[in-house]
Amino acid sequence: MNKKKLLWIVALILITGMVSTVFCQTLTQIKQRGKLLVGTEPTFPPFEFVDEKNQVVGFDIDIANELAKRLGVKLEIVSLPFDSLIPALLQGKIDLIIAGMTITEERAKVVDFSKAYFEANQAIVVRKDGKFEPKKFEELVGKKVAVQLGTTGDLVVSDINGINVVRFQKFTDAFLELQNGRVDAVVLDEAPAKAYVKKFPKFVISAVVDTGETYGIAVKKGNKELLNFVNQTLDIIKSAGIYNKLLQKWFE
Amino acid sequence: MEAVLELFKNFQFLLIGAWETLKLTAFSVGIGLILGTFIGMGRLSKIKLINYPCTAYVEFLRGTPLLVQISIIYFGLPQLGIQLAPYPAAITALGLNSGAYIAEIVRAGIQSIPKGQYEAARSLGLTHWQSMRYVILPQAFRNILPALGNEFITLTKDSSLASVIGVSELMRAGQFVISRTFQTFSIYFGIAFIYFVMTFVISRLVRYVERRMATA
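Protein chains in written order, with my numbering: chain A, 1 to 252; chain B, 1 to 216.
Everything labelled a hint here was simulated from the structure, so no lab data went into it.
As the structure is a computational prediction, the values presented were derived from the model and not from experiment.
Just to be clear, a hint being listed does not mean it is correct.
Straight-line distance between alpha carbons at most 30 Å, and here's what the computed DSBU-like set of lysine-lysine pairs gives [stated by the list, open to error]:
#1 A:Lys-199 <-> B:Lys-9
#2 A:Lys-194 <-> B:Lys-9
#3 A:Lys-198 <-> B:Lys-9
#4 A:Lys-53 <-> B:Lys-157
#5 A:Lys-170 <-> A:Lys-115
#6 A:Lys-170 <-> A:Lys-74
#7 A:Lys-53 <-> A:Lys-69
#8 A:Lys-135 <-> A:Lys-194
#9 A:Lys-202 <-> A:Lys-53
#10 A:Lys-53 <-> B:Lys-23
#11 A:Lys-74 <-> A:Lys-238
#12 B:Lys-23 <-> A:Lys-74
#13 A:Lys-31 <-> A:Lys-74
#14 A:Lys-115 <-> A:Lys-224
#15 A:Lys-249 <-> B:Lys-9
#16 A:Lys-170 <-> B:Lys-9
#17 A:Lys-170 <-> B:Lys-157
#18 B:Lys-9 <-> A:Lys-202
#19 A:Lys-128 <-> B:Lys-9
#20 A:Lys-170 <-> B:Lys-23
#21 A:Lys-194 <-> A:Lys-143
#22 A:Lys-115 <-> A:Lys-136
#23 A:Lys-144 <-> A:Lys-170
#24 A:Lys-245 <-> A:Lys-31
#25 A:Lys-35 <-> B:Lys-23
#26 A:Lys-53 <-> B:Lys-9
Just chain A, same shape as in the assembly:
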């Protein structure tokens, strides 16, 4: 009987033993840990995606690398679905988010954003049959529109009354829905939209809407030290010409 009890206890210890008590906070703690935990969703080329070597790469990842390098620590990418990134940041699973994340009021209520590091607008993508070519969001009223859950595209179309919004975890699923004719348009960020349409000429970008939106790096609310460091680093890589090189590398 004691043996069985022991087995029970061992099993429980094994489960709880996997508990790590890493809480991501100050710069000192990050340095002590020796790695910067960056959350991202690597299904968003060219900002972050998994390449042919099974490595997470992209524009954002290079920026993350610059941050880690300047901190003198290793970069560890934590890959999560986009809508899980902010919860993970709030729960201390990651130090910061670099995921082509648009700075919005709603998000800024729960996280702190760095300076804008990228300007992105929203693209409306439709089938290339010329039947429906909306030039602005208002023309989507009464139509079915697919978006990626929790993205800016989701936020803008959800704000307009009368649009039937269908939300997907992956924007590629949204395009599959467009291809299958079950939705009339897909709304997403300009850069991935361009990449997708280039690969699949059966879709076309009917309009790029200037929403004046920008991407920012998110840190946990109140984490001033890390936020300042991120902002300083962004300034440095912009003035040192690294930023422009990255633009060329990933967008041309």
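Dock chain B against chain A, hints included.
Chain B alone, transformed into the frame defined by chain A:
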């Protein structure tokens, strides 16, 4: 055509994901089997202090969606100061969940053995645990094998839910490939094919063990 080509070109990444799925399932099955065996026996206990918690465990874990359980363990536990990395969190959730189902299978298995067997074992001088260990459980195991096989297959497929907390198992590996190649249909088809091969092999293995035990 390009779709098929991309599937072949990226098949290796799906296989890496499939290997992760297999590991995830194996660990979870291990935890599930240990938990399930004890909780299944606990469900039959006449001692309320054992019976009630075991029943509550089964009812709660069987009555809430696995997706919610995974999210609670990964995103909810940090509130209590417990930080699990995605992989251990997924194993914990899957193991706890399958433990509940296996508990019910084990309970039914034990009940399928005629009471006389237990009584005979006890009258031979075996203790309760000895009777369970040497008389009841081995026979019950043979009876519940098909149901266990079913559970393993379910768990293999359900492990795809771990993708929501970022575990790079087959489903998520496939999503990475899709986001790079934009070949949604062919890659999902490849994923389905690999899941099918894995569950089919498990199904055959269980059948093999069943036949071996039937003749033993």
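Right, here's what the structure says about each hint:
1. A:Lys-199 <-> B:Lys-9: Holds - the C-alpha atoms of Lys-9 of chain B and Lys-199 of chain A are around 17 Å apart, at most 30 Å.
2. A:Lys-194 <-> B:Lys-9: Satisfied, since the Cα-Cα distance of roughly 24 Å is no more than 30 Å.
3. A:Lys-198 <-> B:Lys-9: holds (20 Å)
4. A:Lys-53 <-> B:Lys-157: Holds, because 26 Å separates the two Cα atoms, which is no more than 30 Å.
5. A:Lys-170 <-> A:Lys-115: holds (27 Å)
6. A:Lys-170 <-> A:Lys-74: The given pair, whose Cα atoms are some 29 Å apart, holds under the 30 Å limit.
7. A:Lys-53 <-> A:Lys-69: Satisfied, since the Cα-Cα distance of roughly 22 Å is no more than 30 Å.
8. A:Lys-135 <-> A:Lys-194: Since the Cα atoms of Lys-135 of chain A and Lys-194 of chain A sit roughly 16 Å apart, the hinted pair holds (cutoff 30 Å).
9. A:Lys-202 <-> A:Lys-53: holds (29 Å)
10. A:Lys-53 <-> B:Lys-23: Answer holds: Lys-53 of chain A to Lys-23 of chain B is near 22 Å, not above 30 Å.
11. A:Lys-74 <-> A:Lys-238: At roughly 22 Å apart (the allowed maximum being 30 Å), Lys-238 of chain A and Lys-74 of chain A satisfy the hint.
12. B:Lys-23 <-> A:Lys-74: Cα-Cα ~27 Å, so holds.
13. A:Lys-31 <-> A:Lys-74: holds (9 Å)
14. A:Lys-115 <-> A:Lys-224: With a Cα-Cα distance of about 13 Å, the restraint between Lys-115 of chain A and Lys-224 of chain A holds, given a limit of 30 Å.
15. A:Lys-249 <-> B:Lys-9: holds (24 Å)
16. A:Lys-170 <-> B:Lys-9: holds (21 Å)
17. A:Lys-170 <-> B:Lys-157: Holds, at about 20 Å.
18. B:Lys-9 <-> A:Lys-202: Answer holds: Lys-9 of chain B to Lys-202 of chain A is near 23 Å, not above 30 Å.
19. A:Lys-128 <-> B:Lys-9: holds (28 Å)
20. A:Lys-170 <-> B:Lys-23: Satisfied, since the Cα-Cα distance of roughly 25 Å is no more than 30 Å.
21. A:Lys-194 <-> A:Lys-143: Holds, because 22 Å separates the two Cα atoms, which is no more than 30 Å.
22. A:Lys-115 <-> A:Lys-136: holds (28 Å)
23. A:Lys-144 <-> A:Lys-170: holds (17 Å)
24. A:Lys-245 <-> A:Lys-31: holds (28 Å)
25. A:Lys-35 <-> B:Lys-23: holds (26 Å)
26. A:Lys-53 <-> B:Lys-9: It holds: about 12 Å lies between the C-alpha atoms, which stays within 30 Å.
The structure meets every hint from the earlier list without exception.
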